[in-house]
Structure formats: structure tokens, C-alpha cells
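K.L.:
The whole structure should be built from the sequences, with the hints applied where relevant.
Protein chains in written order, with the working numbering: chain B, 1 to 197; chain C, 1001 to 1400.
Hints were generated in silico from the structure; no laboratory data involved. Incorrect hints may appear among the rest.
As the list claims (entries may be wrong) - Here are the computed distance ranges between Cβ atoms for each label pair:
#1 C:1353 to B:80: 48 to 54 Å
#2 B:38 to C:1044: 40 to 46 Å
#3 B:194 to C:1288: 51 to 57 Å
#4 B:81 to C:1250: 47 to 53 Å
#5 B:176 to C:1350: 48 to 54 Å
All C-beta atoms in this analysis are idealised placements derived from N, C-alpha and C, irrespective of residue type, glycine included.
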Amino acid sequence: MRSLAGVSIVLAALVTIVTPARAADLEAGKRKAEPCAACHGADGNAMIPGTPSLAGQPVYFTHWQLIKFRDGRRKDPQMSPFAKSLTDTDMADLAAYYAAQRPLPRPAPTDPAKVAEGKRLANLHHCASCHRPDLSGQQQVPRLAGQDYDYLLRLLSGFKAKTASDLDGTMTMAAQPLREEEIVALVHYIASLGSQP
Amino acid sequence: MRRMTLTSLTVAFTVVSLLVALAWAQQAAPPSWKQGQPPSMADSTLAPIPQPPAPKAPGEIPVDKIRVPPGFKAELWASGINNARAMTWGDKGTLFVSSRVAGNVYAVVDKGGQREVKVIASGLNLPNGVAFKDGTLYIAEVSKISKMPGIEDKLDSPPAMELVYDTLPKDLPHGWKFLAFGPDGKLYFNIGAPCNICMPPDTHANLSRVNPDGTGFEYVAHGVRNSVGFDWHPVTKQLYFATHARDWLGENEPSDKFDVVTRKGQHFGFPYCHQGDILDPEFGKGHSCKEFVPPLIKTGPHVAGNGVEFYTGSMFPPEYKNRAFLAQRGSWNRSEKVGFRVMMVTLRPGAAPKYEIFAQGWLQGQEIWGRPVYTKQMKDGSLLIADDYAGAIYRISYQR
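P.N.:
So this is what it looks like as C-alpha cells:
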């Protein structure tokens, strides 16, 4: 009983931690997201293969990625120059806006054998321990479920090659034992997950 | 009959061993924070507290909740310093502040009672270590130490960083470094264990030092899991350090430690022995805790002992002279939070050290609003406390 009470206290604490430092402005976020819509979609659901959807991403995740684009730790021809002009407040508003949007699944190749193999690999490699059992993400850890196939493949291959930007090294380490065909299977599985909020 | 049983036992044992080995071979390593978690805790919701991506605004920092001893006062000294960590003073009164995941190094300049914060380096790899000597700022990232000569005259156009030393492991877990000049003029830093619990390579789990020109690397202490805070006693000049203990061994053990190096090359127990008297369930086999230097103080389970600083000022009451302040960033691997406070240690010849709370209040019930991570004494004898969670620095002063 005592430990149960302890667990619920921890959960309550986790929930309060999520509250952003300053009350982010969703309306301002929507306005500031207008330049992003051409690639990421007006509601953060992108259509272009290779471009990630931002809808439903945890606030901390989007905010940290923008910081890394701004200071050069993460590089992208479009995102790097765009992030240079953002203030901390802009980032907080954008992150809050995208977190509030409903994620929609992206079209993905769904080879049932690869999906099944990917699910097995996801369990084996402990993906759920940070990304949550439904891969919906939390805190600074991104939502993966239903994300774009090409983007996932590029990122996971980048972590394996130690060229993708990592906040604390966890993904680079996690990707090292993966073979190329295992990365493909994992991405099949992750992209196949229906993006339910 | 007896012989049969023995044979079948041997066969059974061999089969089980093979199965375990197979399972192990197929099992990928979990993320380092989860590594060492027993199967019985697989459903635990405990996880490291995420670092907020932005500092708190001054109005959102409840500095009145910080409790200090009678006669002392806590105030907000600077804010808006994302992920503010270790602090060091420049010769001309600039406070240099490090960060970890924010990747920045800051300069804080006091302008007529207002603090101005400038980012002098960004995009760095967990730049937790900052040290200053003879006009030069030294910065430690995960695998290298760099310097910025004459930085105090160029805060608005910082010079490029010059490499001092980069023959260091690139592992990110416990790869961030505390950096400080010892009384011998050498640069001291930690090389942490690249894991929660593992047999570290010979190159890891130590305190090390190098000359400021990058020559003369040597190990100072071994068996140190991760120490990101140390200081030298003002009188004895001995090196005292805090160590974070391993996770997932229980709510109340093992304790973090406060240790002293009395001889170069001493071994402080990791990964064999924790808190001086608990053998590790896996790596402790065949060892005794007597083989290792016992801790000076068990500072508490999961408290996350970070900053260590001896007080040498004269603003605080006389009994504070040569006391050590220990900043404890606070727990995650425990269902009831603990730490989130600044402790003080009074060393007493021939008696156990006195260990008591100096500043607390960042933890309210089970909710946190800040995490004290390092202290830095000011010229006037007051004490700064950096909070990497709120991105702020507090000043503790005393009036008779």
C-alpha cells in the first residue's frame, strides 16, 4: 500500500514536471508555425516523404530540437537557418502548438514479415523504456508511432553511423548493434503504428 | 543412483548455462539509465528527471521557499541561464557558468546590481567543466579540454577555443566533467564509468589530472563511479570529492559518498563495493570491501551529490570557516524524492565529521521547482548556488 502511494506520488510529480516553464501561447504558436506549414503541414502533419510530422510531439522534444538546430549541434539545410531567428519564447510557443495537434499516420510500406520482425527488435532493444510502450514519446523523447518512413530510416541509420545529433548519447548507443536489415524492419514496425493520441 | 543424480545435475546445469548464455547474446543493452535494473523492477515508473529546455522566468522562481539557517538570507542573483551548472570566477570579476545538455558556456557580468548574461560558447558537447587561471578560461567537454585566453576582455566577441587536451574517452554516459585547478597548478577532472554498473575499462571511473599545457596526464584516484564535484581543503590541501552511487539497488542503498584522497592512486571501490560496506551483487563476488578506501561520509541514497566547496570567506559566522558545502541535485531512482538541497560538512580531528543541512526548499512535498547543483563563494564571502533546473543562480548572505 505504501509503495503504491509512492508510485502515484511519483506519477503526479511527473505530470507537474511536464508543465512548461512559462505559460506557452498556443495562438502565438499557431501564427509562428505558418512558415513551417509548407513542409511540416499546417497542423504539424507533414505530407512530404523524409519530412517528419510534428503533431503530437512532446513539448520538451520539439523545444530541445529547435535549440540544437539553433546552436548547430543538429544540422539541416532548411531548419538550421530558420532556427537561427527563433527566440526561446518562439520555441516554447511552437513546441506547445505542435504538441496540441492530433497526429495522423503517414503512408508506410507494411511488409507483415518485416513489421513482425521490427516489433520483436523493438522489444529486444528496449525502445519502450524511453519512448513508452506505444512509442508515443514523453518529455524530451520523441513520438515515433506513425512517423514518416523515410525520416525514421534516415535518423536511425544516422545514429548507427554516429552522425545524427543525440541529446545524451542514448540513441547512438542503442543503434550500434543494429544491422542494416534490422533498421529497415524496425522502421517498418514503427511507421506502421497507427498514430492515435 | 547418487552418481546418476550428479550427472543429470551437471547436464541440467550445462543446459541452463547455455540457455542463459544464448539469452544474453540476444539481449541488447538497455539505455544506460535503465541498465542494472533487476527484472523484479521492470515495471518501475522511475526515470531520470528531464531537463527543461528553457530557464524559468524570474517571476516563476519561488526564491522565498529556500530555507537557510537563522541570520542567513537567500535571494535570486541571476536568472535566464539555461541549465546553469558549474561556476568559476575570472580575475576581473566575471562569473563563468557552465551547462550540460544546453551545450553553452555563459559569462555573467555584474553591472550596477543588475546581472547581464552573455553566451560565450554554444553547441558544445556537455561542457560541464569550467576553470580559470591567469586570464584564461578552461572548458571541459566530454572528450576534450579547451581554453580561451584573455576572454574577460573579449566577452562580446569571444575568441575561438584552443585545444589543450583531447586524449579522453568519448563515452557520453557520465562523460561530462567537473574541472578545477589543484593547489599544484594542475587541471583536475573526472572520467566517469560509462554505465550505471559495469566493469569499467581501465581508462574510466577515476579522477585524473593534466598540466595546463596538456602534458603529464595521470590518474589520481581509481574506483570512482562518477564524481562531478571536488575541492581541496584550505589547510591540509587534501582532495575531497563527492560520488554518485549506482542505481537500481534499492530505495535506501547504496548511499552516495563524500571521500578524501590521502594518497595518489587509491581505489574507492567501484564497481566492487558500494558505500564502503555493500558488495555489488554481480561485481563484488570474490572481493571484500576492506580492499578499498571507506567513505568519509555516506551522504544518502540517490541524493546526487554534485558540487563540493570549502568555505574560506569571512561573511559567515566563524564556525563556517573551512566547512564544505555539498550541493545535492536530488534523486530520481527512489519513489520518495530526496536531496534537492545544500548540505554542510564540518571536519573534526579525531571525530566523525558533522553533516547537516544548510539550504533546502527546492523540494516541496514530492514536487520540485529547482535543483541545486554547484556552489561558488563570492569575494564578499556570500555563497552562490547554481540551479540547473530553473536556470538560475541564488545568493546566500549573512548578517549578524
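K.L.:
Hint by hint, note whether the structure agrees.
P.N.:
Hints, verified against the model:
1. C:1353 to B:80: 48 to 54 Å: This hint holds: roughly 51 Å between Cβ atoms.
2. B:38 to C:1044: 40 to 46 Å: holds (43 Å)
3. B:194 to C:1288: 51 to 57 Å: About 56 Å separates the Cβ atoms of residue 194 of chain B and residue 1288 of chain C, which means 51 to 57 Å holds.
4. B:81 to C:1250: 47 to 53 Å: holds (50 Å)
5. B:176 to C:1350: 48 to 54 Å: holds (52 Å)
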